[in-house]
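*Asks:* Spelled out from the first residue to the last, the chains are:
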Amino acid sequence: MRANRWFTPWIFVIPALVWLLAFSVWPSINTVRLAFTNASPLGGVSRFVGLQNFQTMFADPQVWEALLNSVVYMAVCLPLLTILPLLIALLVEKRLPGIAFFRTAFYSPVIASAVVVGLIWTWILDDRGVINEMVKALGIVQGPLPFLTDRWLLLFSAISLTVWKGLGYYMIIFLAALGNVGKDLHEAAALDGAGAIRRFWSVTMPGVRGTMTLVGILVCVSALRVFSELYILTNGSGGPGGQDQSVVMLIQQYARGFTGNLGYASALSLLLFAVTLVPMLVLARLNSKAQQ
Amino acid sequence: MSDITDPDFAVIGRAVSPAPDVTGGRTPPPPTGARRRRRGWGVMSRRELILRYVLLVIVLFIVVGPFLWQLSTSLKGSGEDIYTSTPSFIPSQPTLENYGKVAEAIPVWLYIVNSLTVAAIDVVGNLVFATCAGFALARLRWKGQRIVLGLFLATLILPGEATIIAQFVTIKDLGLSDSLVGVALPGMIAAINVLLMYNAFRQIPEEIDQAAVVDGANSWQRLRYIALPAVQGTIAVIAIFSFIGAWDDFLWPLIVLQSPDKLTLTVGLQYLQGTFSNDQRLIAAGTMIAFIPIAVIFSILQRYFFKGVEEGGVKG
Chain A
1 MRANRWFTPW IFVIPALVWL LAFSVWPSIN TVRLAFTNAS PLGGVSRFVG
51 LQNFQTMFAD PQVWEALLNS VVYMAVCLPL LTILPLLIAL LVEKRLPGIA
101 FFRTAFYSPV IASAVVVGLI WTWILDDRGV INEMVKALGI VQGPLPFLTD
151 RWLLLFSAIS LTVWKGLGYY MIIFLAALGN VGKDLHEAAA LDGAGAIRRF
201 WSVTMPGVRG TMTLVGILVC VSALRVFSEL YILTNGSGGP GGQDQSVVML
251 IQQYARGFTG NLGYASALSL LLFAVTLVPM LVLARLNSKA QQ
Chain B
293 MSDITDPDFA VIGRAVSPAP DVTGGRTPPP PTGARRRRRG WGVMSRRELI
343 LRYVLLVIVL FIVVGPFLWQ LSTSLKGSGE DIYTSTPSFI PSQPTLENYG
393 KVAEAIPVWL YIVNSLTVAA IDVVGNLVFA TCAGFALARL RWKGQRIVLG
443 LFLATLILPG EATIIAQFVT IKDLGLSDSL VGVALPGMIA AINVLLMYNA
493 FRQIPEEIDQ AAVVDGANSW QRLRYIALPA VQGTIAVIAI FSFIGAWDDF
543 LWPLIVLQSP DKLTLTVGLQ YLQGTFSNDQ RLIAAGTMIA FIPIAVIFSI
593 LQRYFFKGVE EGGVKG
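Sequence order for the protein chains is A and B.
Going by this note's numbering, the letters in the first sequence line up with residues 1 to 292, in that order.
Going by this note's numbering, the letters in the second sequence line up with residues 293 to 608, in that order.
Simulated from the structure, these hints should not be mistaken for laboratory data.
Cβ coordinates follow ideal geometry from the N, Cα and C atoms, glycine included.
One thing to keep in mind: the hints can contain errors.
Unchecked claim - Quick list of in silico lysine-lysine cross-link-like pairs, DSS-like style, CA-CA up to 27 Å: (1) K183/A <-> K599/B; (2) K94/A <-> K183/A; (3) K554/B <-> K464/B; (4) K94/A <-> K599/B; (5) K393/B <-> K599/B.
As the list claims (entries may be wrong) - Far from chain B, by Cβ distances over 12 Å, these chain A residues were calculated: (6) A35; (7) S202; (8) P240.
Claimed, not checked - Label pairs and their calculated CB-CB ranges: (9) S337/B <-> G139/A: 37 to 43 Å; (10) L42/A <-> V420/B: 33 to 39 Å; (11) L520/B <-> L191/A: 45 to 51 Å; (12) D60/A <-> R516/B: 52 to 58 Å; (13) V420/B <-> A194/A: 47 to 53 Å; (14) R516/B <-> A190/A: 48 to 54 Å; (15) R516/B <-> L21/A: 47 to 53 Å; (16) I131/A <-> V420/B: 44 to 50 Å; (17) G139/A <-> F381/B: 54 to 60 Å; (18) G195/A <-> L360/B: 34 to 40 Å; (19) D60/A <-> P497/B: 55 to 61 Å; (20) A290/A <-> L520/B: 46 to 52 Å.
The task is simple: from the sequences and hints, build the whole structure.
*Replies:* Right under this line is the structure:
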């Protein structure tokens, strides 16, 4: 058969493989190398500095602050983004007239840029924005609520933004999973007299438990990687005293400018990788258990 | 990336939004359309139907309300007090002048062209190269196949942000920092897209392919005449998401670009906040300029997207 010469598959795969090596594999290796240097964004000779970047990193209160923010981010996002999107998926699951419109509309925050979303919410959460005006009109509080200037309120504002933007994304994942939950089981349960809530707990929930785990892991990893929401809501400043920064914001800061330090930014990147590895390992663990 | 939102937080892989199936098959593909379609009608009582629509409208308000509020602000004239204690959804003096003023504050047309350039490179790159690579991995037999596949899979666990610094160093070493090509290059082929194509190609029945081989078709012909027509849905999804990923990305262009005339729209928009303008109407108009085109494109193509989800071709 003359169908296949030995090099044909390589012609197909080599562009993608070169890209993978150049922009994924090599950068991962180079991140480790750079973390032990004082490389500058402006180029020039970089010097091996041993563990100095890591010592600086662990002595830096901003790094600890950023890790604390990540933990809070995860703790709040995890329950909200594993439960609310499932409920919304149940709502749009059935083929009712106009359901395509609702599905598309619910997905719209996902396709919007984080910058667009951030700027919209900056305006809504402004001291004179619509939420503060409404709260004032109701007479609940005197002054404006400092959504964008208080250390913790700002963090929770960013979290609400992340949750709002994430609803449609995880809704789609649950929608795909709900298609697997057997219709027969639902019908059998209904014949046995099980109401909607009972069927939800005994049929739907067991059917989507695996997906909930996956979504939970995805939410955790994403929470650790948050950048744009905090950047835009604080206009790049990181909030009062820079306390509302994420690890990625710190990395970005050291990436550019005269004071930049790519070596230090790389050390921070390794820290980011290490923390995101934790939920990944949990997933791998659960997967291997499920296969047994 | 960009994000936990990738919803912006595309979990893995910078330029792409859909989540990969990292479960290793824990979420098998949904059942056939016929089976899904049967459920739903019939059993629903009138009360449940009304309740469902009420809930749908409430969620709609929460999700779409902020966009509408921003749209409303962008249409309010300079004579209208937008900081009023009785906020009004309907502009009392509707005007489009804010959209014109955005162009005076920042070179918005230039930024749109820049964003489109980056998006075009990424869409074409992903379509051509991810298709080829996915085909070779799924439908051809060769030495090294398993290793290459493993390599593509392995890179999925790297969060894009963790390698972004070293990626920047690579771009700088190539002399491409502060250039649009430098912005577009890393996203031009995404591992996740290669794997999505791999998955799609693998679902083509073996017999059809073998018949073509017996008939003397070579690899190119099998790709062109048998494989490609079978994976159009996945190709559409990759095109949509490469475009959205490139158009929406913020962190990477923020790191690569410096010159004011090379910024992409998302980075340029950020200058509307603060430095160039304190007028909330302008910022609102700017965000709508970035959002409306992509919302229109997505609404036109949404049925391919949701069909892909229901077919299980794409998870996420």
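*Asks:* When the hints from earlier in the document are held up against this structure, which numbers fail?
*Replies:* Violated hints (numbers, rising): 5, 6, 15, 17, 20; every other hint is consistent with the structure.
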